[in-house]
Amino acid sequence: MFKRAYISVIKNKGRTIILAILLFVIANLVLASISIKSATQEAMDQARISLGPEITLTTDRTELFDYIKEYRDTYGVKPSQDVINELLVPITSDIAYGLTESDYVIDYNFSYSTASKAVDFLPLNADGVLDTYNESKISIVGTYNPLLLDQFGENGTYELTSESSYFTGASENEIIISDTLAYQNSLSIGDTLLLEDFELDSMEFTIVGLFLNESTIVNVGKNITDNEVFIPLDDALLLKGQDPDSTFTITSVKYYLDDPLNINSFISESEAEYTEIGEGLTFSDVNYDAIIAPLESVAQFSDIVLITVVVAAVVILTLLIINALKERKYEIGVLMSLGEEKIKISFQYLIELLLVSALVFTLAMATSNSVSAYLGDTLLENEISDASSTEGDSPRGGGMGSFTTVALDVEYIDEIDVSITVNDFLITLGIGSMIIILSSVLPSLYIMRYQPKKILSSRN
Amino acid sequence: MNVIEVKELYHKYEDGQKMRTVLKDINIDFEEGKFYAILGASGSGKTTLLSLLSGLDTVQDGGILFEGKDIKDIGYTKYRKENVNVIFQSYNLINYMTALQNVMVAMDIKKVGYKNKKEKAYEILESLGIDKDTADRDVLKISGGEQQRTAIARALVHDSKVILADEPSGNLDDYTENEIVKIFKNLADQGKCVIIVTHSSNVAKHADKIYEIKKGKIS
Numbered sequence: 093m094f095k096r097a098y099i100s101v102i103k104n105k106g107r108t109i110i111l112a113i114l115l116f117v118i119a120n121l122v123l124a125s126i127s128i129k130s131a132t133q134e135a136m137d138q139a140r141i142s143l144g145p146e147i148t149l150t151t152d153r154t155e156l157f158d159y160i161k162e163y164r165d166t167y168g169v170k171p172s173q174d175v176i177n178e179l180l181v182p183i184t185s186d187i188a189y190g191l192t193e194s195d196y197v198i199d200y201n202f203s204y205s206t207a208s209k210a211v212d213f214l215p216l217n218a219d220g221v222l223d224t225y226n227e228s229k230i231s232i233v234g235t236y237n238p239l240l241l242d243q244f245g246e247n248g249t250y251e252l253t254s255e256s257s258y259f260t261g262a263s264e265n266e267i268i269i270s271d272t273l274a275y276q277n278s279l280s281i282g283d284t285l286l287l288e289d290f291e292l293d294s295m296e297f298t299i300v301g302l303f304l305n306e307s308t309i310v311n312v313g314k315n316i317t318d319n320e321v322f323i324p325l326d327d328a329l330l331l332k333g334q335d336p337d338s339t340f341t342i343t344s345v346k347y348y349l350d351d352p353l354n355i356n357s358f359i360s361e362s363e364a365e366y367t368e369i370g371e372g373l374t375f376s377d378v379n380y381d382a383i384i385a386p387l388e389s390v391a392q393f394s395d396i397v398l399i400t401v402v403v404a405a406v407v408i409l410t411l412l413i414i415n416a417l418k419e420r421k422y423e424i425g426v427l428m429s430l431g432e433e434k435i436k437i438s439f440q441y442l443i444e445l446l447l448v449s450a451l452v453f454t455l456a457m458a459t460s461n462s463v464s465a466y467l468g469d470t471l472l473e474n475e476i477s478d479a480s481s482t483e484g485d486s487p488r489g490g491g492m493g494s495f496t497t498v499a500l501d502v503e504y505i506d507e508i509d510v511s512i513t514v515n516d517f518l519i520t521l522g523i524g525s526m527i528i529i530l531s532s533v534l535p536s537l538y539i540m541r542y543q544p545k546k547i548l549s550s551r552n
Numbered sequence: 473m474n475v476i477e478v479k480e481l482y483h484k485y486e487d488g489q490k491m492r493t494v495l496k497d498i499n500i501d502f503e504e505g506k507f508y509a510i511l512g513a514s515g516s517g518k519t520t521l522l523s524l525l526s527g528l529d530t531v532q533d534g535g536i537l538f539e540g541k542d543i544k545d546i547g548y549t550k551y552r553k554e555n556v557n558v559i560f561q562s563y564n565l566i567n568y569m570t571a572l573q574n575v576m577v578a579m580d581i582k583k584v585g586y587k588n589k590k591e592k593a594y595e596i597l598e599s600l601g602i603d604k605d606t607a608d609r610d611v612l613k614i615s616g617g618e619q620q621r622t623a624i625a626r627a628l629v630h631d632s633k634v635i636l637a638d639e640p641s642g643n644l645d646d647y648t649e650n651e652i653v654k655i656f657k658n659l660a661d662q663g664k665c666v667i668i669v670t671h672s673s674n675v676a677k678h679a680d681k682i683y684e685i686k687k688g689k690i691s
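So the sequence lines, in the order shown, correspond to chains A and B. Using the working numbering, count along the first sequence one by one with no gaps and you end on 552. Using the working numbering, count along the second sequence one by one with no gaps and you end on 691.
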């Protein structure tokens, strides 16, 4: 059987070459799809690692944005703040603390963004000078540790001045304001200022720090970044009438995990535990999502290519083998007349396919690296180009109920290291074997129907 | 001793919309060590009888017994593999293989236990007048007589008791025909049961026993 298969492959050169060309194309496409997919997965992991082990739970504003847009289109004005607040699902302390119990979480920082009224000082207008006509609205961020906020982080645009200190979770009545806001109101570190809730309860804060604002975000309407102030979380909660020692609600929580690669597992675990996550609350992974979007598209494309190639390969190979069987009907009749079992004849043809495949797949190992690299880079380039052309539309949240449209400053992964690994080759070998076995099923049924007498007498 | 017994054998096939009976109540026995010739005109049913005897076609009515056992019970494939060897008028060699490879294919299928199969194949071919050079050529590149000898060699790789041949000299010249007949006669002398279907009275005259089929019946 093996010897017959070998002789057939060697002697029937035309058929073998056609089969080899087809299998060569299949092998290259399968190897390319798999290696691109694994390269994108590795690049996604690298992106995850480079962005650090933190993930932020926030209110999902996507539906709110849609609602506001629709409302504006219909009525020409923005919906009232009360309506907006009703649509926003807050993060309850139960959920916020509950997630800290995860084995992945090693630290966390809560923050609560809201608005308040300046009592004995004035906010700034869009030109950066005191706004004497406005409602004196100040954006408040209550947090355990301001330095852990994105604004003060590595990619943030706020930086504390050298003489500043900052508050921690245990601090009370301390505030960090912008250097410009302080300057315009003739305030400095150690001075006090009053913030008032809209219920007219006021709290006094001592300035412990000033930050330099290097933001390039365009100030739109009332959303002026220099009017953002940072106070301890408990004070922010008290100012808005919440009890920090009981159940309260906040606007975002940043969780620090043991390993960046555990973020997806943490998200899945959290979504399984709290139905609110995914329905009103969401893990904000903006930078990661933006970075991996082109990679995901490439990975999805490689999946589609793989499925298409497998299906097309099975169909084409099946037809090719059936056609070859018709040509080889006489040979089958001869073998059967000698007493060969039909199943063994089917196996012989399967072995022939496997012999050609083994040769072709070895050759494909040499060529697929360049094919994969070319395809991978071209696909990624196209995807990045598409992503870059739409990124300006991405909204970024500001205070509660307010947002600013900004361009995401994302460094895309513009190159993936596509190289065939042993694992890729083994997967390809598995898929290749599956293609060949599936392609042999229908032709085998043909062989089972053959009768030696009919074949040989029709020939004679 | 009877090696094959044919009992009340009938056979029909579809001819358009009608069923045509080609063999009617055939009852014959074949013994080891004898050379049989089955004579008949075209369409008499002699090739159908050979197909049934060789297990290439299935028995519809009646029975064919090999050493007392119905070949249906033995299984047609197993019967072809282990109990009979068939030689065809058109040789039925695998045309992309050499003469040697054709012989060795039969060795593999019939699972013969030679130590050095290649040498044995050469030896069998040589005994039939095919030298090594000819044996190593593709069968399409050798003469008709050499192809027929190759087909016979293929039938000799397995030590089965029955050799069936369908018009084995039909495509050959008189000299080669006589050579082939000598080979068959020789095989019968060695104890095999050789059954030849032929329309040649020249071949038939060498047989130990001649059966003639007329309109599907043995006479």
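The hints are simulated quantities; they were obtained by calculation from the structure and are not laboratory data. Please note: incorrect hints may appear among the correct ones.
To be verified - Non-contacting residues of chain B with respect to chain A, defined by C-beta distances greater than 12 Å in every case (computed):
no.	residue
1	Ile500
2	Lys544
3	Gly547
4	Tyr568
5	Arg626
6	Gln662
7	His671
Said to hold, decoys possible - With a Cα cut of at most 20 Å, we get these calculated PhoX-like pairs of lysine-lysine:
no.	chain 1	residue 1	chain 2	residue 2
8	A	Lys434	B	Lys544
9	A	Lys546	B	Lys484
10	B	Lys506	B	Lys613
11	A	Lys105	B	Lys541
12	A	Lys546	B	Lys587
13	B	Lys587	A	Lys95
14	A	Lys434	B	Lys506
15	A	Lys95	B	Lys544
16	B	Lys544	B	Lys484
17	B	Lys541	B	Lys479
18	B	Lys686	A	Lys95
19	B	Lys479	B	Lys613
20	B	Lys613	A	Lys545
21	A	Lys436	B	Lys613
22	A	Lys434	A	Lys418
23	A	Lys436	B	Lys541
24	A	Lys95	B	Lys583
25	A	Lys434	B	Lys589
26	A	Lys95	B	Lys541
Virtual Cβ for every residue (Gly too), placed ideally from N, Cα, C.
Tested hints:
1. Ile500: The claim holds: Ile500 (chain B) sits with its nearest Cβ about 20 Å from chain A, beyond 12 Å.
2. Lys544: Per Cβ check, Lys544 (chain B) is outside 12 Å of chain A; nearest 15 Å; holds.
3. Gly547: violated, 10 Å
4. Tyr568: violated, 4 Å
5. Arg626: The claim is violated: Arg626 (chain B) sits with its nearest Cβ about 8 Å from chain A, within 12 Å.
6. Gln662: holds, 21 Å
7. His671: Answer for His671 (chain B): holds, closest chain A Cβ roughly 14 Å.
8. A:Lys434 to B:Lys544: The hint holds at about 17 Å.
9. A:Lys546 to B:Lys484: The given pair, whose Cα atoms are some 14 Å apart, holds under the 20 Å limit.
10. B:Lys506 to B:Lys613: violated, 34 Å
11. A:Lys105 to B:Lys541: Violated, at about 45 Å.
12. A:Lys546 to B:Lys587: violated, 36 Å
13. B:Lys587 to A:Lys95: Between Lys587 (chain B) and Lys95 (chain A) the Cα gap is close to 17 Å, so the pair holds against 20 Å.
14. A:Lys434 to B:Lys506: It is violated: about 33 Å lies between the C-alpha atoms, which goes past 20 Å.
15. A:Lys95 to B:Lys544: Roughly 31 Å separates the two Cα atoms, so the pair is violated.
16. B:Lys544 to B:Lys484: Satisfied, since the Cα-Cα distance of roughly 17 Å is no more than 20 Å.
17. B:Lys541 to B:Lys479: holds, 12 Å
18. B:Lys686 to A:Lys95: violated, 45 Å
19. B:Lys479 to B:Lys613: violated, 43 Å
20. B:Lys613 to A:Lys545: With a Cα-Cα distance of about 26 Å, the restraint between Lys613 (chain B) and Lys545 (chain A) is violated, given a limit of 20 Å.
21. A:Lys436 to B:Lys613: violated, 29 Å
22. A:Lys434 to A:Lys418: holds, 15 Å
23. A:Lys436 to B:Lys541: violated, 26 Å
24. A:Lys95 to B:Lys583: holds, 14 Å
25. A:Lys434 to B:Lys589: Since the Cα atoms of Lys434 (chain A) and Lys589 (chain B) sit roughly 24 Å apart, the hinted pair is violated (cutoff 20 Å).
26. A:Lys95 to B:Lys541: Not satisfied, since the Cα-Cα distance of roughly 34 Å exceeds 20 Å.
The structure fails hints 3, 4, 5, 10, 11, 12, 14, 15, 18, 19, 20, 21, 23, 25 and 26 (numbered hints given earlier, in ascending order).
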